[in-house]
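Heads up: the sequence lines are chains Y and G, in that order. Under the numbering used here, the letters of the first sequence match residues 1 to 161, in that order. Under the numbering used here, the letters of the second sequence match residues 1 to 304, in that order.
Mixed in with the good hints there might be a few duds.
Pairs of lysine-lysine residues, derived as BS3-like cross-links and limited to a Cα-Cα distance of at most 25 Å, are as follows [as the list claims (entries may be wrong)]: (1) K122(Y) with K148(Y); (2) K122(Y) with K111(Y); (3) K62(Y) with K46(Y); (4) K46(Y) with K52(G); (5) K114(Y) with K135(Y); (6) K70(Y) with K46(Y); (7) K100(Y) with K122(Y); (8) K46(Y) with K32(Y); (9) K79(G) with K52(G); (10) K60(Y) with K46(Y); (11) K32(Y) with K44(G); (12) K100(Y) with K111(Y); (13) K114(Y) with K63(Y); (14) K64(Y) with K75(Y); (15) K119(Y) with K85(Y); (16) K28(Y) with K52(G); (17) K60(Y) with K75(Y); (18) K32(Y) with K79(G); (19) K214(G) with K28(Y); (20) K28(Y) with K237(G); (21) K46(G) with K28(Y); (22) K48(G) with K28(Y); (23) K237(G) with K32(Y); (24) K62(Y) with K75(Y); (25) K237(G) with K214(G); (26) K214(G) with K32(Y); (27) K28(Y) with K79(G); (28) K122(Y) with K144(Y); (29) K52(G) with K32(Y); (30) K119(Y) with K105(Y).
Quick caveat, the hints were computed from the structure, so don't treat them as lab data.
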Amino acid sequence: MDIQLTQILFQIINFSVVLGALTFLLYKPVIKIFDERALRIEEGQKAAELAIKTKDELDKEKKKAENEHKKERAKIINDAQEEAKQRAQEIISTARKETKEEQAKLLGGWKEEKTQLIKEAKSEMTDAIIAISAKVIGKTLDTKAQQKLIDEEINLIIKNL
Amino acid sequence: MAAGLHISISAERLLTLGGLNITNSMFTSVLVSLLLISFAIITKFKLKNVSKPTVIQNFAEMIVEALHGLVHGVTGDLKRTRLFFPFISTFFLVIILNNWLGLIPGVGTIKLLVNEEAAKVEEVSQTEKASDHSNVLVDSVQASEAVATEEAITLETEEATQEETPSEHSGPVAVPIFRPGTADINTTISLALISIIVTQIFGVKYLKFGYFKKFINFSSPIMFFVGILELISEFAKIISFAFRLFGNIFAGEVLLVVMAFLFPVILPMPFYGLELFVGFIQALVFSMLTLVFFNMATISHEEH
Numbered sequence: 001m002d003i004q005l006t007q008i009l010f011q012i013i014n015f016s017v018v019l020g021a022l023t024f025l026l027y028k029p030v031i032k033i034f035d036e037r038a039l040r041i042e043e044g045q046k047a048a049e050l051a052i053k054t055k056d057e058l059d060k061e062k063k064k065a066e067n068e069h070k071k072e073r074a075k076i077i078n079d080a081q082e083e084a085k086q087r088a089q090e091i092i093s094t095a096r097k098e099t100k101e102e103q104a105k106l107l108g109g110w111k112e113e114k115t116q117l118i119k120e121a122k123s124e125m126t127d128a129i130i131a132i133s134a135k136v137i138g139k140t141l142d143t144k145a146q147q148k149l150i151d152e153e154i155n156l157i158i159k160n161l
Numbered sequence: 001m002a003a004g005l006h007i008s009i010s011a012e013r014l015l016t017l018g019g020l021n022i023t024n025s026m027f028t029s030v031l032v033s034l035l036l037i038s039f040a041i042i043t044k045f046k047l048k049n050v051s052k053p054t055v056i057q058n059f060a061e062m063i064v065e066a067l068h069g070l071v072h073g074v075t076g077d078l079k080r081t082r083l084f085f086p087f088i089s090t091f092f093l094v095i096i097l098n099n100w101l102g103l104i105p106g107v108g109t110i111k112l113l114v115n116e117e118a119a120k121v122e123e124v125s126q127t128e129k130a131s132d133h134s135n136v137l138v139d140s141v142q143a144s145e146a147v148a149t150e151e152a153i154t155l156e157t158e159e160a161t162q163e164e165t166p167s168e169h170s171g172p173v174a175v176p177i178f179r180p181g182t183a184d185i186n187t188t189i190s191l192a193l194i195s196i197i198v199t200q201i202f203g204v205k206y207l208k209f210g211y212f213k214k215f216i217n218f219s220s221p222i223m224f225f226v227g228i229l230e231l232i233s234e235f236a237k238i239i240s241f242a243f244r245l246f247g248n249i250f251a252g253e254v255l256l257v258v259m260a261f262l263f264p265v266i267l268p269m270p271f272y273g274l275e276l277f278v279g280f281i282q283a284l285v286f287s288m289l290t291l292v293f294f295n296m297a298t299i300s301h302e303e304h
């Protein structure tokens with residue numbers, strides 16, 4: 001075998017040149033890209049983790065708010081129902097009271113009017129009977145006696161009504 | 001039959017530039033380097049930090065990511081990975097490309113006519129180095145058997161050289177322009193030297209002078225002896241690295257040449273597949289061993 005120092009030196013230099021060229025033109029730029037990519041992925045992962053965390057927190061807050069709203073809604077509905085019941089009872093009792101008052105008022109007025117009407121009717125009937133009896137018997141009856149007789153008859157009629 | 005088979009254990013000279021013999025393996029190594037540098041330059045200009053990279057960027061990222069992952073899997077420490085990665089990757093890429101370049105059809109058959117003077121100079125240098133019969137031009141199928149052991153190669157070479165010398169140097173000699181860099185012992189020795197020297201540098205960088213305790217240790221006679229063994233093992237590593245790679249790739253080259261010579265159609269195909277695999281495995285073995293040596297050199301004895 002032909003071992004020559006010059007050839008060995010030539011090959012060492014050749015290898016060194018290739019090593020230098022590949023290191024600066026290939027390995028370093030590609031590794032730099034790998035590092036940048038890894039950094040970007042890491043940042044992305046961190047951002048994703050943060051987003052997931054934020055989302056979880058927001059979900060929790062949302063659930064909490066929903067629960068609070070539910071409770072508030074239920075409370076409002078309950079209060080409204082209670083108030084409505086109370087109000088209804090108030091309205092009903094007021095209406096009943098007013099109705100009773102109106103009824104009593106009407107009843108009072110009616111009785112008075114009835115009494116007045118009866119009184120008027122009695123008076124008219126008395127006058128009419130006196131006139132009729134004067135014409136029939138040809139004499140005028142005593143006013144007091146007539147009045148008593150008429151009243152008795154009218155009361156009888158009223159009773160029978 | 002004797003005319004076509006051309007097997008040479010050492011790289012052959014193509015031309016001489018300023019006193020430096022340019023061999024076909026050097027030429028191929030430079031070609032591989034240019035290919036790698038061109039790829040790196042193209043990648044550099046195509047690199048963009050976007051979500052949809054180009055085909056070239058994807059390919060470059062795939063290679064770098066795979067090798068980076070491989071290195072990081074062994075070191076387990078990002079600082080060490082970033083330090084070792086360029087060396088390991090370059091070893092892998094240079095070796096695998098050199099190994100595979102020899103498998104491209106036509107690589108061994110494109111030849112250059114080298115003039116007689118050059119061939120004579122070659123012959124004289126070989127004659128002077130009686131023990132070193134490196135250039136083997138074998139015009140016999142028997143030469144393929146000679147690949148099995150170095151001694152056998154030497155014997156066959158002597159026979160072949162004696163038989164072929166008169167006709168061989170009578171005119172210009174046809175020399176293949178391309179020869180895989182890793183099929184030349186000079187390339188593999190230089191790669192092994194780089195690997196071991198850089199291992200020592202990293203050892204000193206991480207452990208300072210404590211690194212040398214591994215070799216020189218007077219704490220006990222056993223440790224002193226172990227230190228000597230460690231020192232020897234560092235030199236053994238160079239030989240082991242160089243000859244493992246050279247042996248495997250050169251043997252593969254010879255195997256393919258012989259198979260193609262015996263039966264040019266179909267028969268060499270499985271061997272091409274095998275050589276593709278061997279080329280990959282050898283590149284991986286060299287890189288992984290270097291990586292393990294780097295890692296071991298940077299870990300203190302207590303840590304280890």
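Violated hints - listed by number, lowest first
5, 6, 7, 9, 13, 15, 19, 20, 23 and 26
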